[in-house]
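Protein chains in written order, with the working numbering: chain A, 1 to 255; chain B, 1 to 255.
Think of the hints as simulated: they come from the structure by calculation, not from any bench.
Among the hints, a few may not be true.
Stated by the list, open to error - Capping the alpha-carbon separation at 20 Å, the derived lysine to aspartate or glutamate pairs in EDC-like fashion look like this:
1. K43(B) x D64(B)
2. K218(B) x D183(B)
3. K43(A) x D36(B)
4. K152(A) x E141(B)
5. K80(A) x D121(A)
6. K39(B) x E40(A)
7. K39(A) x E40(B)
8. K20(A) x E116(A)
9. K152(A) x E113(A)
10. K39(A) x D71(A)
11. K152(A) x D183(A)
12. K152(B) x D71(B)
13. K87(B) x E116(B)
14. K152(B) x D121(A)
15. K218(B) x D183(A)
16. K152(B) x E162(B)
17. K39(B) x D36(A)
18. K80(A) x E116(A)
19. K218(A) x D121(B)
20. K20(B) x D117(B)
21. K39(A) x D36(B)
22. K80(A) x D117(A)
23. K80(A) x E113(A)
24. K43(B) x D36(A)
25. K218(A) x D183(A)
26. K20(B) x D121(B)
Unchecked claim - A short list of chain A residues far from chain B (calculated; beta carbon distances all over 12 Å):
27. K39
28. S56
29. T73
30. N142
31. M145
32. K152
33. L161
34. R165
35. D183
36. T223
Just so you know, even glycine gets a beta-carbon here, dropped at the ideal spot from N, CA and C.
Chain by chain, the residues run as shown.
Number of protein chains: 2
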Amino acid sequence: MNTWKMDRMDISPTSQVEPKPRAYVMGITGSPYLCDKAKEILKVADIIVGWQASISIVESLILDKMIFIQDPTQYREILKTATRYAKLHNQNIVLLVLDDPLVYSVPVQYFQETFEDFTLDFVPCSSRFQLAAAAAGVSLENTLMVVFSPDKNGGIDLDLLETNRTRMIQAFNQGSNVIISSDIEQSTEDIAEFLLSQKVDRTTQVLLCEELATPAEKLSWTTLGASASYNSHWNTIMVIPQKASQNEKVKSQIR
Amino acid sequence: MNTWKMDRMDISPTSQVEPKPRAYVMGITGSPYLCDKAKEILKVADIIVGWQASISIVESLILDKMIFIQDPTQYREILKTATRYAKLHNQNIVLLVLDDPLVYSVPVQYFQETFEDFTLDFVPCSSRFQLAAAAAGVSLENTLMVVFSPDKNGGIDLDLLETNRTRMIQAFNQGSNVIISSDIEQSTEDIAEFLLSQKVDRTTQVLLCEELATPAEKLSWTTLGASASYNSHWNTIMVIPQKASQNEKVKSQIR
Numbered sequence: 001m002n003t004w005k006m007d008r009m010d011i012s013p014t015s016q017v018e019p020k021p022r023a024y025v026m027g028i029t030g031s032p033y034l035c036d037k038a039k040e041i042l043k044v045a046d047i048i049v050g051w052q053a054s055i056s057i058v059e060s061l062i063l064d065k066m067i068f069i070q071d072p073t074q075y076r077e078i079l080k081t082a083t084r085y086a087k088l089h090n091q092n093i094v095l096l097v098l099d100d101p102l103v104y105s106v107p108v109q110y111f112q113e114t115f116e117d118f119t120l121d122f123v124p125c126s127s128r129f130q131l132a133a134a135a136a137g138v139s140l141e142n143t144l145m146v147v148f149s150p151d152k153n154g155g156i157d158l159d160l161l162e163t164n165r166t167r168m169i170q171a172f173n174q175g176s177n178v179i180i181s182s183d184i185e186q187s188t189e190d191i192a193e194f195l196l197s198q199k200v201d202r203t204t205q206v207l208l209c210e211e212l213a214t215p216a217e218k219l220s221w222t223t224l225g226a227s228a229s230y231n232s233h234w235n236t237i238m239v240i241p242q243k244a245s246q247n248e249k250v251k252s253q254i255r
Numbered sequence: 001m002n003t004w005k006m007d008r009m010d011i012s013p014t015s016q017v018e019p020k021p022r023a024y025v026m027g028i029t030g031s032p033y034l035c036d037k038a039k040e041i042l043k044v045a046d047i048i049v050g051w052q053a054s055i056s057i058v059e060s061l062i063l064d065k066m067i068f069i070q071d072p073t074q075y076r077e078i079l080k081t082a083t084r085y086a087k088l089h090n091q092n093i094v095l096l097v098l099d100d101p102l103v104y105s106v107p108v109q110y111f112q113e114t115f116e117d118f119t120l121d122f123v124p125c126s127s128r129f130q131l132a133a134a135a136a137g138v139s140l141e142n143t144l145m146v147v148f149s150p151d152k153n154g155g156i157d158l159d160l161l162e163t164n165r166t167r168m169i170q171a172f173n174q175g176s177n178v179i180i181s182s183d184i185e186q187s188t189e190d191i192a193e194f195l196l197s198q199k200v201d202r203t204t205q206v207l208l209c210e211e212l213a214t215p216a217e218k219l220s221w222t223t224l225g226a227s228a229s230y231n232s233h234w235n236t237i238m239v240i241p242q243k244a245s246q247n248e249k250v251k252s253q254i255r
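Go ahead and model the full structure; you've got the sequences and the hints to work with.
Written as structure tokens, this is what we have:
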């Protein structure tokens with residue numbers, strides 16, 4: 001499944017004297033949000049690993065690199081293969097992740113263990129939560145960020161589901177804004193249905209941010225009631241600002 | 001105090017048919033973290049407002065713009081002057097802020113009121129909290145972010161001080177990482193002294209991130225005890241990761 005470029009295979013190990021090669025876990029939200037630091041690192045990288053969605057974003061910058069493309073069925077194995085290859089050849093490796101790696105819910109320890117034979121750096125980016133907050137005009141200071149993600153086997157993580165639902169309704173009832181990253185296992189429809197069952201007002205305004213920072217990006221203000229029967233893209237960030245008044249004001253300013 | 005460029009003063013209002021000119025509140029952490037979207041917006045902007053520190057970061061990109069430089073004694077007045085000028089001439093205006101505007105503690109309403117005659121957009125950036133989290137290798141998911149800032153007169157905001165101190169010690173005792181943005185009114189020495197007075201262990205490791213993302217950037221791991229007598233730069237982010245073990249592991253990987 002991985003489509004690395006064979007013409008790089010015969011390049012001998014680099015002659016760097018550094019005891020360990022470098023590994024970068026780099027956040028990628030979308031090409032408009034790519035920063036100069038990320039571009040510089042990609043320039044000196046030897047090996048790039050990531051899902052097709054993130055590879056596509058930086059494609060023009062990594063034409064001369066060895067690329068390992070992750071897929072849903074074996075993304076961990078592909079990362080391991082790439083890491084082993086980088087270690088063997090003493091090469092620098094970049095793992096692209098589809099959000100700031102320190103914001104998204106993959107445990108930091110996972111990255112630290114994966115790259116234990118490397119000097120590890122994290123490269124932050126504007127996360128989808130920040131883009132959604134910017135679009136809705138809500139501050140992240142009084143906002144709960146909730147990430148739904150599958151369990152190790154790609155199924156519904158029932159513990160996480162329960163924890164996130166409890167945190168979500170508590171925070172909203174306590175006066176915080178809530179920004180939720182949906183997933184295949186927990187769509188914005190599911191989230192809206194749950195909140196309605198917890199007596200949150202049907203007319204509460206929400207901003208649905210579908211496929212943020214991609215060419216297909218779609219931002220729509222709607223009500224919680226309506227979003228319970230709207231089939232949004234699986235990669236959607238849902239913003240539920242606290243005050244309808246603030247929301248109304250912002251609504252008129254949305255591009 | 002504002003040094004706008006007089007050669008722009010005689011340019012007639014733009015002929016755009018849009019009913020309102022555009023205003024952008026743009027986060028700027030440092031030149032390595034400037035993204036393409038921010039550069040594109042700066043290109044089409046007419047007027048730029050910001051502190052010298054943020055103006056310097058984008059200086060080469062705004063040579064042909066009218067620039068209003070804010071200073072500590074009258075930054076609100078200078079912003080008002082720039083905004084009035086932009087409205088009068090129907091021009092696009094960019095306010096540079098030294099962190100993601102949706103993360104830092106200026107209320108969103110302040111920006112919305114300031115730019116009520118404009119179509120307002122927020123432009124996020126990697127915040128100093130994300131850079132500090134990346135440097136320390138801690139996830140922001142289980143982290144309390146604390147921002148100390150002066151009151152309207154530039155003095156110590158006693159309410160905020162009390163609130164932040166309570167939140168800080170509670171979160172740390174409950175097992176969260178804490179990342180704190182210090183300020184002139186509340187230095188990292190003050191913060192360390194307070195935490196020591198609350199029985200936090202003197203040997204707790206902390207990462208001091210001075211002048212993050214600037215050429216003078218300095219990252220130092222030290223102990224909470226030692227940081228109580230270390231005179232850090234006023235623009236310092238202090239990271240207090242929860243687990244000493246994780247901390248030790250990360251320490252060896254810091255650049």
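Cross-check of the supplied hints:
1. K43(B) x D64(B): The hint holds at about 9 Å.
2. K218(B) x D183(B): holds (17 Å)
3. K43(A) x D36(B): Given that 20 Å is the threshold and the Cα spacing comes to 17 Å, the pair holds.
4. K152(A) x E141(B): Distance ~19 Å between K152(A) and E141(B) Cα, so the pair holds.
5. K80(A) x D121(A): holds (18 Å)
6. K39(B) x E40(A): holds (17 Å)
7. K39(A) x E40(B): Holds - the C-alpha atoms of E40(B) and K39(A) are around 17 Å apart, at most 20 Å.
8. K20(A) x E116(A): Judged against 20 Å, a Cα distance of about 10 Å means the pair holds.
9. K152(A) x E113(A): holds (16 Å)
10. K39(A) x D71(A): Violated, at roughly 24 Å.
11. K152(A) x D183(A): Between K152(A) and D183(A) the Cα gap is close to 14 Å, so the pair holds against 20 Å.
12. K152(B) x D71(B): Within the cut-off at roughly 14 Å; holds.
13. K87(B) x E116(B): holds (10 Å)
14. K152(B) x D121(A): violated (38 Å)
15. K218(B) x D183(A): violated (39 Å)
16. K152(B) x E162(B): holds (17 Å)
17. K39(B) x D36(A): With Cα atoms ~11 Å apart, K39(B) and D36(A) stay inside 20 Å; holds.
18. K80(A) x E116(A): Given that 20 Å is the threshold and the Cα spacing comes to 12 Å, the pair holds.
19. K218(A) x D121(B): With a Cα-Cα distance of about 16 Å, the restraint between K218(A) and D121(B) holds, given a limit of 20 Å.
20. K20(B) x D117(B): holds (7 Å)
21. K39(A) x D36(B): Between K39(A) and D36(B) the Cα gap is close to 11 Å, so the pair holds against 20 Å.
22. K80(A) x D117(A): Answer holds: K80(A) to D117(A) is near 12 Å, not above 20 Å.
23. K80(A) x E113(A): Measuring from Cα to Cα gives roughly 11 Å; hence the hint holds.
24. K43(B) x D36(A): With Cα atoms ~17 Å apart, K43(B) and D36(A) stay inside 20 Å; holds.
25. K218(A) x D183(A): Cα-Cα ~16 Å, so holds.
26. K20(B) x D121(B): holds (13 Å)
27. K39: violated (9 Å)
28. S56: With a cut-off of 12 Å, S56(A) remains clear of chain B, as the shortest Cβ separation is near 16 Å.
29. T73: Its Cβ never comes within 12 Å of chain B, the nearest being 26 Å, so this holds.
30. N142: Violated, because the least Cβ-Cβ distance between N142(A) and chain B comes to about 10 Å, which does not exceed 12 Å.
31. M145: violated (8 Å)
32. K152: Nearest chain B Cβ is 18 Å from K152(A), so the label holds.
33. L161: Holds: least Cβ distance 16 Å, greater than 12 Å.
34. R165: holds (16 Å)
35. D183: holds (15 Å)
36. T223: Non-interface label on T223(A) holds, nearest chain B Cβ at 22 Å vs cutoff 12 Å.
This entry does not satisfy hints 10, 14, 15, 27, 30, 31, going by the numbered hints stated previously.
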